[in-house]
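Asks: Letter by letter, the chains look like this.
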Amino acid sequence: MHGLTFDIAHMLAGSLVVISFVQLYQDRLSALINVFAVHALVLALSVAWQAFAQTAPHLYITAAIALVFKAIIIPVALRRIIVRLGIHREIETVVGVGPAMLLGIGLVALAMVVMLRVTADADPLAREDLAFALSVVLLGLLMMVTRRNAVSQVIGFMSLENGLVLAATGAKGMPLVVEISVAFSVLIAFIVIGIFLFRIRERFDTVDMQALDKFRGERR
Amino acid sequence: MNIDALSGVLLIPGLSACLLAALPGYRLTSRLNVLATLLTLLTALSLFVVEPQSGAYLLVDDLNKVFIVLTTFVAFTTSAFSASYISHEIEIGRLKPGYVRFYHAMYQVLMFAMNLALVANNIGLMWVAIEIATLTTVLMVGIYRTHEALEAAWKYFILGSVGIALALFGTILVYMAARPVIGEGVDAMVWSVLVTQAAKFDPALLNVAFVFLLLGYGTKVGLAPLHAWLPDAHAEGPTPISAVLSGLLLNVALYALLRFKMLLALNPAAIAPGPLMVTMGLISCVFAAFMLYKRRDIKRMFAYSSIEHMGIIVFAFGMGGPLANFAGLLHMTMHSLTKSAIFFAVGHIAQVKGTQKIADMGGLTVTHPVLGWGLVLGVVAIAGLPPLGIFMSEFLVVSSTFSREPWLVMILVFGILVALGGLFLRLNTIAFGEPRGSTAPAEASYVPMFAHLAIVFMAGIYLPPPLVTGFQNVARLLG
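In order, the protein sequence lines correspond to chains P and C.
Residue 164 in the numbering used here sits at position 164 of the first sequence; the count goes up by one each step and never skips.
Residue 184 in the numbering used here sits at position 184 of the second sequence; the count goes up by one each step and never skips.
There's no promise every hint is true.
Claimed, not checked - Derived CB-CB ranges, DEER-like: (1) MET112/P / ARG94/C: 46 to 56 Å; (2) GLN197/C / ASP7/P: 28 to 38 Å; (3) ALA109/P / ASN428/C: 48 to 58 Å; (4) VAL413/C / VAL114/P: 28 to 38 Å; (5) ASP123/P / LEU19/C: 46 to 56 Å.
Said to hold, decoys possible - Covered stretches of chain P, going by a simulated chain C footprint (3 or more residues, C-beta under 8 Å): (6) 107-120; (7) 126-136; (8) 146-158; (9) 167-174.
Please keep in mind that the hints were generated in silico from the structure rather than gathered at the bench.
Every residue gets a Cβ at the ideal spot worked out from N, C-alpha and C, and that includes glycine.
Whole structure, please, built from the sequences with the hints as guidance.
Replies: Have a look at this one:
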């Protein structure tokens with residue numbers, strides 16, 4: 001692994017982290033969905049590049065799944081959902097943009113420190129991929145906890161799964177079982193969430209999780 | 001894949017799920033559901049007679065045999081309870097007949113997923129199985145479509161997925177650690193290969209992997225502070241599912257954790273996984289014990305009691321050593337049997353009274369003596385009073401670890417005593433005193449509940465020697 005191959009893989013993985021940051025400060029749902037589509041597109045490119053660099057043709061399948069399913073089908077479907085629900089309004093965030101970005105930077109620093117230290121002996125591409133992947137996972141988690149809206153929580157979860165796919169493809173020669181299962185789980189997860197969104201809509205006339213919180217806790 | 005008992009425990013639930021999804025009529029499907037779980041149980045028992053060959057994907061050893069038999073047994077008795085529970089839910093119109101078909105199919109899919117997680121010889125396959133089990137239970141928790149059920153299912157789904165995602169990251173890291181030693185490809189994810197080579201893995205990677213796995217699968221075990229989904233999911237779903245969640249699914253997640261703990265224990269340079277598990281176990285036990293006092297919902301209360309007991313079990317396994325592992329294993333078995341028996345009783349009680357609020361129940365031993373005394377017996381067992389099985393297993397946990405870490409054990413005992421107080425305080429309201437709420441006669445199936453309680457009672461007095469030797473073998477295996 002040397003020269004240009006390494007640099008391109010590095011750049012693509014790095015862009016994923018940057019796009020994760022862009023997701024953090026989107027305050028409109030439609031914009032957030034667009035950013036997620038770009039996130040998935042970059043993931044597809046990154047996976048395809050890994051397939052080329054490792055000469056592992058099965059990874060092209062993973063890349064295709066990421067491209068078709070995550071970058072096209074899901075954003076289109078989500079857009080339809082928010083149009084049908086009529087929620088183009090602003091996203092309410094629990095933590096403001098500033099603190100969220102600072103927290104995000106902290107998490108990325110944490111990911112770098114942890115992963116680069118423990119993988120000192122691994123090959124440089126794998127270890128940096130892993131560090132970036134962990135950053136994307138943590139940023140996805142951060143997004144899930146800072147958002148109160150069900151749709152943006154779902155997007156947070158999916159960008160978290162993108163991080164996992166990045167990690168799985170970065171681990172050289174990882175059996176196909178896992179890639180398929182990851183894509184598969186996203187599919188299932190999305191169906192489940194879709195069902196839930198519609199049920200939530202039926203019952204509460206809103207997909208804001210704060211409305212759900214009213215019903216939480218001990219019934220008296 | 002050739003057909004043997006190992007593939008049998010997967011094929012039977014898998015095929016019955018398809019069959020049950022296609023058949024109409026809840027009376028027929030609930031009977032078929034019982035039949036399918038019985039067949040699975042018999043197949044699982046045959047593992048003790050003829051041990052099939054472990055392959056690249058499926059594995060059988062002393063450790064997972066215990067888990068498989070426990071899982072299929074409780075699944076069988078729960079399906080019998082479920083048959084009478086569901087027919088009542090349909091009569092009162094709380095559940096639409098259309099959903100019942102879905103419910104039974106999902107029940108079998110859940111059995112398939114749990115058995116797959118237990119027999120998987122591949123860390124990736126095991127992860128997939130636990131993910132399927134999670135998604136299935138999410139759908140089942142939300143089946144009543146009420147505000148509370150949807151909220152509980154959503155919360156469970158989000159927290160469960162995050163846990164599962166962290167566990168996958170841990171799984172990938174284990175592969176990364178194994179790859180330089182074993183080489184690329186499937187072999188680096190196979191348990192039976194990993195175990196033989198674990199000593200040569202990079203310890204730093206294994207350490208980080210275990211932290212992710214502990215947080216990920218620990219969420220599914222319901223360890224505090226990752227337990228937030230558990231009380232809601234137990235309280236709002238159908239009661240048979242509460243019994244399966246507490247009695248089985250928590251164990252399956254624990255099984256995954258134990259496998260990885262074995263892996264770490266084989267590597268001398270990696271951190272000892274024990275102290276991490278002991279800490280989380282103690283926090284869960286003491287925290288859940290205090291939470292028992294303020295519960296007003298009966299199912300929610302027993303959900304917290306499950307967290308407390310999972311804490312005790314994780315503590316025992318975290319301490320390690322043949323004796324503590326034996327105690328942990330016994331406690332896990334006893335807890336599964338007792339807690340599902342309690343949920344069988346609670347399910348019928350909630351149906352008779354038409355509510356889950358503790359304040360609206362009272363004097364059960366007078367109005368419904370069989371249910372009432374069944375619950376009293378169950379709570380006496382779960383609180384750990386002699387001579388029942390849980391007393392013995394808790395006593396073993398305490399006595400086998402006291403000489404090593406007296407102060408930690410004191411905290412554990414404190415938690416157990418606090419929980420005992422909380423449970424009896426509520427039991428007093430529910431079972432004795434002025435009768436409150438409906439006094440209509442119960443149409444209940446008492447056999448599953450008393451079968452479990454009888455086993456727990458027996459175990460408190462006498463453990464058959466083959467069982468003891470079996471558990472000792474597993475305890476040694478766990479290291």
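Asks: Count the residues of the segment 126-136 of chain P whose CB lies closer than 8 Å to any CB of chain C, then report whether that count reaches three.
Replies: n = 4 at 8 Å, threshold three: holds.
Asks: Given a hint of 46 to 56 Å, does the C-beta separation of MET112/P and ARG94/C actually sit inside it?
Replies: Holds: the Cβ-Cβ distance is about 52 Å, inside 46 to 56 Å.
Asks: Okay, the segment 146-158 of chain P and chain C, do three or more residues pass the C-beta test at under 8 Å?
Replies: holds (count 3)
Asks: Is 28 to 38 Å right for how far apart the beta carbons of GLN197/C and ASP7/P are?
Replies: Between GLN197/C and ASP7/P, where Cβ atoms are some 34 Å apart, the hint holds.
Asks: Taking the beta carbons of VAL413/C and VAL114/P, is their distance inside 28 to 38 Å?
Replies: holds, 36 Å
Asks: Do three or more residues of the segment 107-120 of chain P come closer than 8 Å to chain C, measuring C-beta to C-beta?
Replies: Since three or more residues must qualify, the claim that chain C covers the segment 107-120 of chain P holds, with 6 doing so at under 8 Å.
Asks: Can you let me know if the beta-carbon spacing of ALA109/P and ASN428/C is within 48 to 58 Å?
Replies: holds, 54 Å
Asks: Can the segment 167-174 of chain P be counted as covered by chain C under the rule of three residues or more with Cβ-Cβ separation shorter than 8 Å?
Replies: Held - the segment 167-174 of chain P has 6 residues with a Cβ nearer than 8 Å to chain C, which meets the minimum of three.
Asks: Using the C-beta atoms of ASP123/P and LEU19/C, is the stated range 46 to 56 Å upheld?
Replies: Distance hint for ASP123/P, LEU19/C holds at roughly 50 Å.
Checked against the numbered hints given earlier, the structure satisfies every one of them.
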